[in-house]
Amino acid sequence: MQAWIDNFKSEFDTNFIQENRWQDLLKGLGNTLTITFFALLIGIVIGVIIAMVRSTYDKTQSNARPSLRRKLFGVANGLCKVYLTVLRGTPVVVQLLIFFFVIMASSRNGVLVASIAFGLNSGAYVAEIIRGGIMSIDNGQFEAGRSLGFNYLQTMQHIIIPQTVKNVLPSLMNEFIALLKETSVAGYVAVTDLTKAGNIIRGRTFSPFMPLIAVALVYLAMVMFFSWLEGILERRLRNSDH
Amino acid sequence: MTTDVLIRVEGLVKHFGGGIHALNGVDTEIHRGEVVVVIGPSGSGKSTFLRCLNLLEMPSAGRITFEGVDITDPRVNINLHRQKMGMVFQHFNLFPNMTVLKNMTIAPVTLRKKSKPAAEIMAKQLLERVGLSDRADAYPNQLSGGQKQRIAIVRALCMEPDVMLFDEPTSALDPEMVGEVLDVMKQLAREGMTMVVVTHEMGFAREVGDRVMFMDGGKIIEEGTPEKIFEHPENARLKEFLGKIL
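Line by line, the protein sequences give chains A and B. First residue of the first sequence? That's 93 in the numbering used here, and the numbers climb one at a time after it. First residue of the second sequence? That's 93 in the numbering used here, and the numbers climb one at a time after it.
It is worth saying that the hints were derived from the structure and are not from the lab. Fair warning: there could be bad hints in the mix.
[To be verified] Restraint ranges, calculated between C-beta atoms of paired labels, are given here:
no. : chain 1 : residue 1 : chain 2 : residue 2 : range
1   : B       : Lys205    : A       : Ala282    : 55 to 61 angstroms
2   : B       : Gly316    : A       : Leu245    : 39 to 45 angstroms
3   : A       : Leu321    : B       : Phe108    : 42 to 48 angstroms
4   : A       : Pro254    : B       : His292    : 50 to 56 angstroms
5   : B       : Arg221    : A       : Gly181    : 54 to 60 angstroms
6   : B       : Lys205    : A       : Ile141    : 25 to 31 angstroms
7   : B       : Asn169    : A       : Ile141    : 23 to 29 angstroms
8   : A       : Ser199    : B       : Gln234    : 54 to 60 angstroms
9   : B       : Phe108    : A       : Ala313    : 54 to 60 angstroms
We put the CB at the ideal spot given by N, CA and C, even for glycine.
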């Protein structure tokens, strides 16, 4: 037993204390959170835009006069569909590599590129979550708004979106948690995120157990924290469910 | 009843995808202060007709003139005219995330730029008229069906419309709640509101209607005073319809 404890201590010392290796992990965690945060922002902006275009097109399909505006909407809707198909139909690692080595090859700022790549990818999923939320609101709500004289956007803003937000928040939190874990592949493009930092330590110390388990525990702690937040949020929403 | 035409409908046609012809050429006029009751078997196009009046359904052909303006003209801002056309739905369609008061005031405050206190005073007066003053702060899911529909009616009235469109307002209600909703509608009719009512309540049609319109196959088959329609029907299909429901 004493031998095991001594071994643990020296392993701990090698992997985290020597050469201030714990700071590498901390920096990696910082990068992971930075990428996740900006990817989340980009994802929500893109997701909301695509969801609005797609649901507006679907909702007005049966009742629109043929016009140039209508045709343009059709084109926009088609583009959104292509975007969703491509971004959801290819692995995120491949997208990340393409962004780093092809599309944004001139930028050596890995964190920036990763934020954009993960943001665009997440946007595709967020779009479908929000669209699902909008389409799940009873059409009667929409008709009631329009019959009172609200135009399309006002009906969305005052009547549909407030009801949608409540419905989609739990799914959005899920997407956020998935995104947080997904960023662990950022190491592919020379970003030292949490995972990569752990892996670098493993390579230096030739002792895989501690750094990798530590990385896993940090992810687990973050996911558990955000799941706990989501639980609170969901309960509060249910309580105010009128 | 004056002869001032509020809504003129000319050659109204509506077909949905799949070759379904809901309306096959409807012509009529609705006068200011008139209560028009539309009856007919299900699938006769009566709800579609009503929903075309405020363009919730876009007509495939024909013209609808409201207060002298052709609202089927694409250049017309329909939203402004809809403010003057209140609508009450079969399934109430109250906003579930808002209190009764908010349901009633959101449109006048947002669209009419009414001050919030002024809108609330008006809403409370209307609530009092329909006997629901104590429910101003309730949420729709705390109300009975009859209460919901009465709220839906006064929500539409908050926009001070020139005409009220009723799409089977009592069809989704338990029988014991039908009366309280019809009472509100009768009161409204007595006050001179122009109303177009799609309903299966023949008693209401007989008592309150100035004119009863019988629709079948997307057309107006017969129309006239309640007495003429119910006591001296001419058309065979109308007779058959009345035989089934009376």
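A quick look at each hint next to the structure:
{"no.": "1", "hint": "Lys205(B) x Ala282(A): 55 to 61 angstroms", "result": "holds, 56 angstroms"}
{"no.": "2", "hint": "Gly316(B) x Leu245(A): 39 to 45 angstroms", "result": "holds, 44 angstroms"}
{"no.": "3", "hint": "Leu321(A) x Phe108(B): 42 to 48 angstroms", "result": "holds, 46 angstroms"}
{"no.": "4", "hint": "Pro254(A) x His292(B): 50 to 56 angstroms", "result": "violated, 35 angstroms"}
{"no.": "5", "hint": "Arg221(B) x Gly181(A): 54 to 60 angstroms", "result": "holds, 59 angstroms"}
{"no.": "6", "hint": "Lys205(B) x Ile141(A): 25 to 31 angstroms", "result": "holds, 29 angstroms"}
{"no.": "7", "hint": "Asn169(B) x Ile141(A): 23 to 29 angstroms", "result": "holds, 26 angstroms"}
{"no.": "8", "hint": "Ser199(A) x Gln234(B): 54 to 60 angstroms", "result": "holds, 56 angstroms"}
{"no.": "9", "hint": "Phe108(B) x Ala313(A): 54 to 60 angstroms", "result": "holds, 56 angstroms"}
Going through the hint list in order, the structure does not satisfy hint 4, though it satisfies all others.
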